[in-house]
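With these hints in hand, go ahead and build the complete structure from the sequences.
In mature numbering (1 follows the signal peptide of the UniProt record, and there is no 0), the protein residues as written are -25 to -1, 1 to 280.
No lab work stands behind these hints: they were computed from the structure.
Glycine residues also receive a C-beta, built at the ideal position from the N, C-alpha and C atoms.
Treat the hints with caution; some may be incorrect.
[Said to hold, decoys possible] Computed Cβ-Cβ distance ranges for the label pairs, DEER-style:
(1) His29 / Ala99: 40 to 46 Å
(2) Gln202 / His43: 21 to 27 Å
(3) Gln74 / Glu28: 31 to 37 Å
(4) Glu91 / Ala134: 22 to 28 Å
(5) Glu7 / Pro163: 54 to 60 Å
(6) Asp6 / Asp254: 21 to 27 Å
(7) Asp238 / Lys37: 38 to 44 Å
(8) Ala139 / Asp6: 20 to 26 Å
(9) Glu228 / Ala99: 18 to 24 Å
(10) Lys37 / Glu91: 29 to 35 Å
(11) Asp212 / Ser161: 20 to 26 Å
(12) Asp238 / Pro94: 46 to 52 Å
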Amino acid sequence: MPKRVAVATILAVATLLLGGCAGGAANGEGDERPVVLTTFTVLEDVAQQVAGEHLRVESITKVGAEIHGYEPTPGDLRRASGADLILDNGLNLEAWFAQFVESLDVPHVVVSDGVEVLPIAEGAAEGHANPHAWMSALNVQRYVDNMVAAFSELDPEHAEEYAANGAAYQAELQAVHDELVADLASLPPNERALVTCEGAFSYLARDAGLTEQYLWAVNAEQQATPQQIARTIEFVDEQGVPAVFCESTVSDEAMQQVVEATDAAFGGTLYVDSLSEPDGPVPTYLELLRHDVDVITGALTGSAR
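Below, the structure written as structure tokens:
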């Protein structure tokens, strides 16, 4: 079944199931706070830091979900119909989102508005904006500004607290960025390279002054091609790259072939699209950033924390 037809069917079924249910809390009886839904867990955590105790923030998708090709369920639509605000990343990340909200009378805000986007360099999406803008701590400072404005409009009574929460969180984001730049400052030019499976780190690489190389530009449904592997091996050899990486949501099998064919080590697993469970390695966005920064700088400089 084509995806658009499938989503339309879900919307029709969910509309029947909604009955007269609209407004109020999405799924928390007795909690009268306004409900803010985000499209994925990273945004949920950032929004929670800004919202503090005055809003109930939840993610539509669960931990570990593949956000790019997610297909919403009738339950998702029921929850969204009771929300007061929906936040999405934009930049064509949530391909399912536009049709998802067509039938809902709920305001939504694109939190990446105002970010200076980088283009995808190759493949079917060449020239389109790289959607992974949250992988820059500096970009997420802009996300926070947009959230502060949206929350203040939704709940003016607590606008000053949203602004204060946002400023404090932006200071933490700046500290992570400064740490990344400082830790990589000693790397010689030929080793200032970030080699990953997916091209999800363009913004982080830009912030850190690293050359980016990857097997594929956006998440692929199949393994890397021999040409992509060969190209990456050539880059690693020519640049003398000390370590390569892969993301938690894809197989590292192809990158291990690069390791076997070069002098590079496998530097570790990086996180991008989803947080972990609370007892996992990256239960918050700041911990995701710090984990990735520590793994990257430790492997490239040989000074793992």
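Problem - Indices of hints not satisfied (ascending) - result: Those not satisfied come down to hint 12.
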